[in-house]
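Protein chains: 4
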Amino acid sequence: MLLDDEIEMYGRMAVALNIIEGCREFAAMIPEVRTNLVYARPNAGKREDVLGIDGRITVVNGLPHAAGKPRFGASSHMARLLVEIGKTDASIRAGIDFANDPHLAKWLEDYCRSRNWVFSVIDRRNEPEEIKEAEGASMPWKVAAAISAAGGRVPKIVYETGAVGKEPVSVLVGRDTIIVAEEICEVERLYHGRR
Amino acid sequence: MLLDDEIEMYGRMAVALNIIEGCREFAAMIPEVRTNLVYARPNAGKREDVLGIDGRITVVNGLPHAAGKPRFGASSHMARLLVEIGKTDASIRAGIDFANDPHLAKWLEDYCRSRNWVFSVIDRRNEPEEIKEAEGASMPWKVAAAISAAGGRVPKIVYETGAVGKEPVSVLVGRDTIIVAEEICEVERLYHGRR
Amino acid sequence: MLLDDEIEMYGRMAVALNIIEGCREFAAMIPEVRTNLVYARPNAGKREDVLGIDGRITVVNGLPHAAGKPRFGASSHMARLLVEIGKTDASIRAGIDFANDPHLAKWLEDYCRSRNWVFSVIDRRNEPEEIKEAEGASMPWKVAAAISAAGGRVPKIVYETGAVGKEPVSVLVGRDTIIVAEEICEVERLYHGRR
Amino acid sequence: MLLDDEIEMYGRMAVALNIIEGCREFAAMIPEVRTNLVYARPNAGKREDVLGIDGRITVVNGLPHAAGKPRFGASSHMARLLVEIGKTDASIRAGIDFANDPHLAKWLEDYCRSRNWVFSVIDRRNEPEEIKEAEGASMPWKVAAAISAAGGRVPKIVYETGAVGKEPVSVLVGRDTIIVAEEICEVERLYHGRR
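So the protein sequences, as listed, match chains A, B, C and D.
Using the numbering used here, read the first sequence as starting at 5 and increasing by one per residue.
Using the numbering used here, read the second sequence as starting at 5 and increasing by one per residue.
Using the numbering used here, read the third sequence as starting at 5 and increasing by one per residue.
Using the numbering used here, read the fourth sequence as starting at 5 and increasing by one per residue.
Rather than coming from a laboratory, the hints here were simulated on the basis of the structure.
As the structure is a computational prediction, the values presented were derived from the model and not from experiment.
A portion of the hints provided could be inaccurate.
To be verified - Here are the simulated lysine-lysine pairs, DSS-like style, with alpha carbons at most 30 Å apart:
#1 B:50 with B:91
#2 C:136 with C:146
#3 C:91 with C:110
#4 B:136 with B:146
#5 C:91 with C:146
#6 C:50 with B:136
#7 C:136 with C:110
#8 A:136 with A:110
#9 B:110 with B:146
#10 D:146 with D:91
#11 D:50 with A:146
#12 B:136 with B:110
#13 A:146 with A:136
#14 C:146 with B:136
#15 C:91 with C:50
#16 B:146 with C:136
#17 A:136 with D:146
#18 A:146 with A:110
#19 A:110 with D:110
#20 D:110 with D:50
#21 D:110 with D:146
#22 A:136 with D:110
#23 B:136 with C:110
#24 C:136 with B:110
#25 B:50 with B:146
#26 D:136 with D:110
#27 B:110 with B:91
#28 D:136 with A:136
#29 D:50 with D:91
The following block holds chain A by itself, in its conformation from the complex (with noise of 0.2 Å):
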């Protein structure tokens, strides 16, 4: 028997999915390991209790296209991202990826504060020896520093360097898909419309 909480999980999806291919700017921002736009149940505690899209999102078309269809266990670097962060704010239940650049980063930095939103950097070159090399560790300690950095607060938009093997992307979590969907495609707006 589904739970209304599900029911209600796969519909806000389908709308967010609908805004995010919908929003021509964004397509310019999937990174070359593409997008992935995710929704955690209540008190997430493993990849299975995070809906996402399965095959990520792409650009087809020069538009955003879902691969395929949202499912639970379809992420796993951006679904334990959001079981990590869970542990410290357990409001925050969605998030997105996107490509970003020293650019993008310095104008995010501003776009923030004019929000009122908490902005964080994490450099991977911080990261140990012995935390890079351990399984499943790296991303406890992103998340540690990326909350450290902020002054104990999970920040709204994470912007991540790159490291070796490592594609930089940024990433931009909230409560809801629908309100990080709305979020990021107004970012992307604003971004490109500056220039």
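Since the structure of chain A is already known, use the hints to place chains B, C and D on it.
Using the frame of chain A, we list chains B, C and D on its own:
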């Protein structure tokens, strides 16, 4: 601003589609005109009030496959059916069509009796010429004929015979799109398992 | 080992599909039973010798959209049509079906005359009862009727009236799937531009 | 007017994609940045001369899945690789990238020796800073490094180590997209079967 009702409708459609796309038996019952799964807002009055599958449900690789995504206004025929039925019984908000033939019709009649469901037949050869020729008049006539044949109640399943230029299709309706998806898959599994 | 012939057939189908999917006008002419675009091997004798679109071509977002990929054996009805026509004229290896109505039929007749194309009508009300009832007998009867109505030649376009349980559809055939795709798109553009 | 050459290229890509999408083992080797399968015109000089998969190849339902259709100009990175390689050996017209790691690299080196294939390693830590910073300079440097490491020949497989912000990927190249698809699937099956 999205109403909670719309989010719930998208959620129920996503879950219902997962059920249909996972039901291999249903592929054998998709008619030449393909299938639509529709879900109407409460008190739907027009096509745009009804969520349907853009491009309908077809068969790809032997499995049911939604050609596009759920979208309000995506269905014409099935949407008008629900709007018309809603005038008699507002609790009926979902429906799906499927291929039939005289053998299935006979089996369905018995199955409906066993489940205490109302079964009705529309013989389109009885459709008056003036109805056939008037734009948009066929659907009210068909729904009235089905309800009249069922003694004034909205039937659970309607078996519609073919007519000139019209493939025969049956329709199963219900309160909710998830329930309708589960019911039609159970019908298909029982009918196929029987052979 | 793949024959060069098969590679060329897949290549021509890909190019033909790009033409069809880029022809917005064609969306208005896709019948309820959807369209298939088919391409037969030389001297095709059975369904598996004919390349067709898995799940047929439907309308998504207002544009023609192939539900699946080209696959040998994916088509039944249109494949049998080509096999049957090939018995009279082996140079005819491709075809596409499309919605029609008496107005289009009249316009098509004039258009065919202007292009020196053979146009033929099959009135399915003339189909003998014993043919209707015999499994697999309709297609040979239809093709023979169309060729006979055209004085022994294979027509370029066949307009088929509806019958009980059968939507009326027309078919355009030719030597090659790219040519057929270009010709049907030109037909649609001229017919729609006319209004 | 389409050249016969283009039709043949689309045909070979369709066949090659069928091979890749049917190779379950390959799903495990699709890197985070996803895979592209590319096929260059003879003497390709720019991105638009190279057929690639729009949206690249991702994993959906555990199987390799092309996000969009083959399109000239759809690939950037892999297209530039082929253009660069073509300057040394014009017979190399197809390629595919895949995930690697030190274990696979060791195995690949032995496998290449057994097949008499040239295997080459690019250590991106050796990339000069002025190359990294100059737009578009990395690819010529990488291809030159791979060819130089292979004693002046174009290698069959190149193993590229990661760098800051760059996921390590390997590339297999060949004369023809069908051959490349068959070869990479054989590699994956042998490597996975070994365990």
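Do the hints match the structure? See the list:
Distance hint between residue 50 of chain B and residue 91 of chain B is fulfilled; the C-alpha atoms sit about 12 Å from each other, no more than 30 Å. Pair hint residue 136 of chain C plus residue 146 of chain C holds up; C-alpha atoms about 11 Å apart against a cutoff of 30 Å. For the hint pairing residue 91 of chain C with residue 110 of chain C, the CA-to-CA distance comes to about 29 Å; that is within 30 Å, so the pair holds. In summary, the hint linking residue 136 of chain B to residue 146 of chain B is supported, as the alpha carbons are separated by about 11 Å, within the 30 Å threshold.
Distance hint between residue 91 of chain C and residue 146 of chain C is fulfilled; the C-alpha atoms sit about 13 Å from each other, no more than 30 Å. With a C-alpha separation of about 39 Å, the suggested pair residue 50 of chain C and residue 136 of chain B falls outside the 30 Å cut-off, and the hint is violated. Between residue 136 of chain C and residue 110 of chain C the alpha-carbon distance is near 27 Å, which keeps this suggested pair within the 30 Å criterion. Between the alpha carbons of residue 136 of chain A and residue 110 of chain A the distance comes to roughly 27 Å, so the proposed pair stays at or under 30 Å and holds.
With a CA separation close to 20 Å, the supplied pair residue 110 of chain B and residue 146 of chain B stays within the 30 Å bound. For the hint pairing residue 146 of chain D with residue 91 of chain D, the CA-to-CA distance comes to about 13 Å; that is within 30 Å, so the pair holds. With a CA separation close to 40 Å, the supplied pair residue 50 of chain D and residue 146 of chain A exceeds the 30 Å bound. Distance check on the hinted pair: residue 136 of chain B and residue 110 of chain B sit about 27 Å apart at the alpha-carbon level, within 30 Å; holds.
For the hint linking residue 146 of chain A to residue 136 of chain A, the alpha-carbon distance of about 11 Å falls within 30 Å, and the restraint holds. Pair hint residue 146 of chain C plus residue 136 of chain B holds up; C-alpha atoms about 26 Å apart against a cutoff of 30 Å. Simply put, residue 91 of chain C and residue 50 of chain C have alpha-carbon atoms about 12 Å apart, close enough for the 30 Å limit, and the pair holds. Among the hinted pairs, residue 146 of chain B with residue 136 of chain C is consistent with the structure: their alpha-carbon atoms are about 26 Å apart, no more than 30 Å.
Of the pairs offered as hints, the one joining residue 136 of chain A and residue 146 of chain D holds, with about 26 Å between alpha carbons and a cut-off of 30 Å not exceeded. Distance check on the hinted pair: residue 146 of chain A and residue 110 of chain A sit about 20 Å apart at the alpha-carbon level, within 30 Å; holds. Taking the CA atoms of residue 110 of chain A and residue 110 of chain D, the gap is about 42 Å. The hint is violated against a cut of 30 Å. Under the criterion of a C-alpha separation no larger than 30 Å, the hint pairing residue 110 of chain D with residue 50 of chain D is inconsistent with the structure, at around 34 Å.
Our distance criterion of 30 Å between C-alpha atoms is met by residue 110 of chain D and residue 146 of chain D, whose separation comes to about 20 Å. At roughly 22 Å between alpha-carbon atoms, residue 136 of chain A and residue 110 of chain D fall within 30 Å of each other, so this suggested pair holds. In summary, the hint linking residue 136 of chain B to residue 110 of chain C is supported, as the alpha carbons are separated by about 22 Å, within the 30 Å threshold. Taking the CA atoms of residue 136 of chain C and residue 110 of chain B, the gap is about 22 Å. The hint holds against a cut of 30 Å.
Distance hint between residue 50 of chain B and residue 146 of chain B is fulfilled; the C-alpha atoms sit about 17 Å from each other, no more than 30 Å. About 27 Å separates the Cα atoms of residue 136 of chain D and residue 110 of chain D, which keeps this hinted pair within 30 Å; it holds. Between residue 110 of chain B and residue 91 of chain B the alpha-carbon distance is near 29 Å, which keeps this suggested pair within the 30 Å criterion. Restraint check for residue 136 of chain D and residue 136 of chain A: the C-alpha separation of about 24 Å stays at or below 30 Å, so the hint holds.
Of the pairs offered as hints, the one joining residue 50 of chain D and residue 91 of chain D holds, with about 12 Å between alpha carbons and a cut-off of 30 Å not exceeded.
When the structure is compared with the earlier hints, violations turn up for hints 6, 11, 19, 20 and for no others.
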